[in-house]
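Student: Read top to bottom, the protein sequences are chains B and Y.
To get this note's numbering, take the position in the first sequence, counting from 1, and add 12.
To get this note's numbering, take the position in the second sequence, counting from 1, and add 8.
Treat the hints as calculated values from the structure; they're not laboratory data.
Computed from a predicted structure; not experimentally measured.
Fair warning: there could be bad hints in the mix.
Unchecked claim - Footprint (simulated), chain B over chain Y, 3 or more residues, beta carbon under 8 Å:
no., stretch
1, 129 to 141
2, 148 to 162
3, 186 to 198
Stated by the list, open to error - Chain B stretches covered by chain Y per the calculated footprint, using a threshold of three residues with CB under 8 Å from any CB of chain Y:
no., stretch
4, 90 to 97
5, 100 to 108
6, 116 to 124
7, 168 to 176
8, 228 to 238
All residues carry an ideal CB built from backbone N, CA and C; glycine is no exception.
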Amino acid sequence: MADVTAGSAGRRSWWAGIGQGRHVLGLLFLLPAAVFLVLFLTYPLGLGVWLGFTDTRIGREGVFVGLENYELLWIDSVFWLAVFNTLLYTVGASILKFALGLWLALLLNQHLPFKSFFRAVVLLPWVVPTVLSAIAFWWIFDAQFSIISWALIKLGLIDHNINFLGDTTNARLSVIAANVWRGIPFVAISLLAGLQTIPASLHEAATLDGATGWQRFRYITLPMLSPIIAVVMTFSVLFTFTDFQLIYVLTRGGPLNATHLMATLSFQRAIPGGQLGEGAAIAVAMIPFLLSAILFSYFGLQRRKWQQGGGD
Amino acid sequence: MTDQPLTDNSTGMSYLDSLPRRMVTVFLPLLVFVFVLLFPFYWMAITAVKPNFQLTDYANYSPLWVVEPTLEHIKYLLFETSYPGWLWNTMLVSFFATLISLVASVFAAYAIERLRFHGSRWVGLGIFLAYLVPPSILFIPLALMVFKLGIYDTKLALILTYPTFLVPFSTWLLMGYFRSIPYELEECALVDGASRWQILTKVLLPLSVPGLISAGIFSFTLSWNEFIYALTFIQSSENKTVPVGVLTELVRSDVYEWGALMAGALIGSLPVVILYSFFVDYYVSSMTGAVKE
């Protein structure tokens, strides 16, 4: 969608810029990136929307069937369950990631020994390939040999193994926990960068005026941090909403579809199931949610900038 | 990356807190965080060297420790599975995808940020929006395209599709980096009669090495970690990447080879962790810098 505007703007500048070296050169320099993005991003995006209106299967060309895929999805209880799961997963994981990430950022912003060591170590879960750390969680969440169950039994808190991935509620909580584990570093390090731009003099002045720690956090830290919070959380929400890897490794959507997200359902119907049209329709159904998340944060960001007296 | 932290080296107001209080409010929670964030890695490592008989015998052996560590799982992984091949594939794909993306991104970022042709702001915005398009929406149509182009089940399919998420990201990051380099340097060169090409290669690029390094590391890491395209476009074992190979080939029988699985996960993570540990400062600064835009 983006490159449609980009392309038309490029054409206009071509006509306007003939004879002016930098315009022609600009387009020339832009060409490699533009070719890639138009061929492998814009075109597939359009193709995906088109596929959603056809009954294409693997190995068979589809014909246009109008809204049939969407009508079928509308009465498909598994699809609605996946929508519900996706929203639950996104909201639950994002809130936890934000709260814990902010807390970790505040801790790392303190005067600490080995500060750079902590900062480096904290980023590790984010660097390691998701699939590979998810495999580790798969083993941690094992029904029989879970280390968490073992530790809790040893501590005398429970008396039998927890069935982490076999029970619907447990499975939902487990995948959210694994996602939060992976997401905290990104939120924490980004917010830490924001925290370090807040002048210490504000906190000192407030302390002299008798503000408590909570008041300083609520009326200095949080407002100063809100623009970066908006950006970081938009990214976090987008990536959580479209998550695929973690679920695919840990549960493949089970038990009883309780952890099926829209992305995993789309994959399951399209690739192993062969129904490319239906899978594409599910993927397209994600777009309105993504757009509203982007718009929400865009306008949220604008308002906050204005509140701080910042320009456009 | 340009604005230095204002408070970093001062003790701030922390002298107002007593040490026992700081112990409870700062160090204790921090230790819990570090423990939780690092435990899965410890667990991976300990499982990878644990002999099978200890792996499932929690009654006689503490699961948290290992007696008689073994390299059996790693040996099995390296000599009896296609794992070395997957490592090689992942490296090859990541390297070429990164190379292509970096070249395309440098030109694009220079054009948008410095040539400032008509509509360059819109192109910049478009590139940013392109980054927000998730692979889980694109993989179905891309699979169809890959099949029609006749590159299904080849490494080329991955090398050509990975730049879809690498180019927007690197361009965005490099735009931010180019912006931090003073315009005057280029103007001087321009006055001295340098062409645009010379300015780019002899003035801007040498100054942007840290930016290029972090864009390269990011791209390499993102390609290394990519999963959904590799899962969809690759079928034969000899073309798989590490994440896909470990998940689809090592998990076959009813008895999971946990030791080999964990060794595979650990060895597969090592290259990006090593890369990252060498350049952690670039990484952190550019990550926060890119987000701060």
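Student: So, for every hint listed, does it hold in this structure?
Tutor: We went through each hint and held it up to the structure:
1. For the stretch 129 to 141 of chain Y, the assignment as covered by chain B holds, since 10 residues bring a beta-carbon within under 8 Å of that chain's beta-carbons and 3 suffice.
2. Counting residues of the stretch 148 to 162 of chain Y whose C-beta lies closer than 8 Å to any C-beta of chain B gives 6; at least three are required, and the coverage claim holds.
3. Figure legend: the stretch 186 to 198 of chain Y, annotated as covered by chain B; annotation inconsistent (0 residues with Cβ-Cβ distances under 8 Å, at least 3 required).
4. Counting residues of the stretch 90 to 97 of chain B whose beta carbon lies closer than 8 Å to any beta carbon of chain Y gives 0, which falls below the threshold of three, so the coverage claim is violated.
5. Counting residues of the stretch 100 to 108 of chain B whose CB lies closer than 8 Å to any CB of chain Y gives 0, so the stated coverage by that chain is violated, three being the minimum.
6. As drawn, the stretch 116 to 124 of chain B meets chain Y at 6 residues by the rule of a beta-carbon pair under 8 Å; at three or more, the given contact holds.
7. Residues of the stretch 168 to 176 of chain B lying with their CB closer than 8 Å to a CB of chain Y number 0, which falls below the three-residue condition for coverage.
8. Given as covered by chain Y, the stretch 228 to 238 of chain B fails the check, having 0 residues with a CB less than 8 Å from a CB of that chain where 3 are the minimum.
In the structure shown, a violation is registered for the earlier hints numbered 3, 4, 5, 7 and 8, in ascending order.
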